[in-house]
Amino acid sequence: MSVLALGFVGAVRIPSLASDVRPAAATPLCYAGQQCVAVDGDVAVGPATRKATGFLHGFGSATSPARIAALRPTSWRGSGGQSQQLQTSLYANTTTEIISDYWIRATYNPQRGGGMLPWEDWNRYSNFVTNFVATAKQQGWAPTFWEVQNEPDSWLGYAPGVHANIADILRVFQVGYAAVKRADPSAKVIGPSLSGFLERHNPARPELLDMTTFLDFSAREGLHWDAIAWHETEPDYMPVAERRPEAIPGHVARLRQMLAARPQLGHPLIFVNEYMYPANIDVPGWRVGYVAALEQANVDVASMSCPLSTPGDDGCFEPSLDRLLENDGSTPRPGYWVMAFYANMLGQRLATWSSDQHLSAFATRLSAGSGPVQVLLGRHVTCTTAVNPLCHDPLSQTPPPVNLTVAVRVGGGNRSAVVAIQHIPDANRSMLLPEAPKLLTVPIVGGVARVPVNNFTDGEAYALTIT
Numbered sequence: 005m006s007v008l009a010l011g012f013v014g015a016v017r018i019p020s021l022a023s024d025v026r027p028a029a030a031t032p033l034c035y036a037g038q039q040c041v042a043v044d045g046d047v048a049v050g051p052a053t054r055k056a057t058g059f060l061h062g063f064g065s066a067t068s069p070a071r072i073a074a075l076r077p078t079s080w081r082g083s084g085g086q087s088q089q090l091q092t093s094l095y096a097n098t099t100t101e102i103i104s105d106y107w108i109r110a111t112y113n114p115q116r117g118g119g120m121l122p123w124e125d126w127n128r129y130s131n132f133v134t135n136f137v138a139t140a141k142q143q144g145w146a147p148t149f150w151e152v153q154n155e156p157d158s159w160l161g162y163a164p165g166v167h168a169n170i171a172d173i174l175r176v177f178q179v180g181y182a183a184v185k186r187a188d189p190s191a192k193v194i195g196p197s198l199s200g201f202l203e204r205h206n207p208a209r210p211e212l213l214d215m216t217t218f219l220d221f222s223a224r225e226g227l228h229w230d231a232i233a234w235h236e237t238e239p240d241y242m243p244v245a246e247r248r249p250e251a252i253p254g255h256v257a258r259l260r261q262m263l264a265a266r267p268q269l270g271h272p273l274i275f276v277n278e279y280m281y282p283a284n285i286d287v288p289g290w291r292v293g294y295v296a297a298l299e300q301a302n303v304d305v306a307s308m309s310c311p312l313s314t315p316g317d318d319g320c321f322e323p324s325l326d327r328l329l330e331n332d333g334s335t336p337r338p339g340y341w342v343m344a345f346y347a348n349m350l351g352q353r354l355a356t357w358s359s360d361q362h363l364s365a366f367a368t369r370l371s372a373g374s375g376p377v378q379v380l381l382g383r384h385v386t387c388t389t390a391v392n393p394l395c396h397d398p399l400s401q402t403p404p405p406v407n408l409t410v411a412v413r414v415g416g417g418n419r420s421a422v423v424a425i426q427h428i429p430d431a432n433r434s435m436l437l438p439e440a441p442k443l444l445t446v447p448i449v450g451g452v453a454r455v456p457v458n459n460f461t462d463g464e465a466y467a468l469t470i471t
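Each residue of the sequence shown is one higher than the one before, starting from 5 at the first, in the numbering used here.
Be a bit skeptical, because a hint or two may be false.
Now the in silico label distances, taken between C-beta atoms and shown as ranges [as the list claims (entries may be wrong)]:
hint, residue 1, residue 2, range
1, D332, Q39, 33 to 41 angstroms
2, Q142, G416, 57 to 65 angstroms
3, S93, D332, 17 to 25 angstroms
Derived from the structure by calculation, the hints contain no laboratory data. No residue lacks a Cβ here, since even glycine has one placed at the ideal position from N, Cα and C.
Start from the sequences and build out the full structure, keeping to the hints where you can.
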C-alpha cells in the first residue's frame, strides 16, 4: 500500500485509504501534539456508494416508507418470506435470504428446543433447500443472493449444546450449495457468514469454523461462492483488539490475500453482512466508527446487525430498522441521523486520517478538488453504562472530552469557508428531529480550512459540511 502525505504527526506518515494514490506536495494538515482529523479534498479514493447502508430484518408493516427511503438503503438481508422480500427489494438493489432460518423454522421441535441438524438427514435437508429455492424463483421473489448458513460457529436455532465437528459443518455448505444450484444454476450463493473473522483454527475452540479451513475446503471441492461473508459483531472468541471497528480493514486485507492465494475460487465479492455489537448499536460514535472502517476497507456490501430480543422487545423482528427507529417504526433515534447524513454523502470518497484510532472520520466531495466537503465524525473509545445505559462492558473510567481540529484541504486561494456543524448526541432516547447545525466561518489558508470541534465526548458523532 502506498502512503499519502496528508500530514505528519511526529514521525508518523499518514496512511491512505487507497492503494493507487500519490503523495500531494502541499501544506501538511495535522501537526504534532494535536488531536486532529485530516481530510484531503484533492484526493479521491473511489465513488461514494453508501455500501454500509444495509439492513438485517428490522422491517414490518409499521415501518415508515419515508424513513426507509430517506436512508437510501443499498442491501437488505432477512428471512421474512415472499412478502418481506418483495417489499424490501423496492428499497435495496441487493437482497439476501438466509436459508438456515427457513430450515430451522420448518424442522423446529419444541421438545428439543431447536431445529433438526442437517446431518441427521442429509436427503431431507438437501430436498428442502432445492424445493425452497425453486419455489421462490417460480413465485418471483428470489433474492439477489442465497445464504446457506448463518453463523455456523454459533449454531443459533439448532438444538442447544450442539458441538458438531468441522466435517459436518463443511458438508452443510457443500450440500446446501449443491441444492441451491440444482434448483437454479444461475443463483448466487454466499458463505460462510462466520460470526467473526476467525482466520485460522483455534485449538481451544475446536467447534469453530475458521476462514482458512472454509476457503481450503471450497477450493478443493469446487465451490465457487459469489460472495464471502462474515460478521463484525465482537464475538467473545476473538482477541479484544480484533473485535473493534478499527480491525476491519486488516480483516478485509487478509481475506483479499487469502483469495489471491486460491485463484480457483475466482473473484467473489466481500460482504460484512452484520456489523456492530448489540450493546453499541445505539451509540452514534460507534456507528460512525464501523461505517468509516467499512468504507476504508472498501467492502462490497455491509449490513447492520440488529438488537437482541428481550422480554417485551422482539429485537431483530421489531420494525425499527435495526434500532435506528423506535419500535413504532417511525420515530427516529440518534443513530438514524448518523445514517441519514451518510446516505447523502455523494460523489467521491476522500482520503482521511485521525490522530486517534478511536475517533473515526469518513469524508466525501462531489468531485476531487471542487465542491463542498462533507465529513462524518464519531468517537468510540468505550461502551460502558457511563456512556450509554445499553452498554454492558465492564465499568471503566469514561474518557474526558477532547478538543479536535478537523483539517480539510479544500484547495484554492486564501478566503473564508462556512462550516455547518451538526451534533448527534449519545442518548438513549427518541430524537424526532436532528439538532439544528451551528454555522461557523473559518479562514482557508494555503488551501486548508481548520475547523474546531470542541468538547467532543465519547459516543458522540458530528456531521460537517464545509462550503
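Outcome of the hint check:
| no. | hint | result |
| --- | --- | --- |
| 1 | D332 to Q39: 33 to 41 angstroms | holds, 39 angstroms |
| 2 | Q142 to G416: 57 to 65 angstroms | holds, 59 angstroms |
| 3 | S93 to D332: 17 to 25 angstroms | holds, 24 angstroms |
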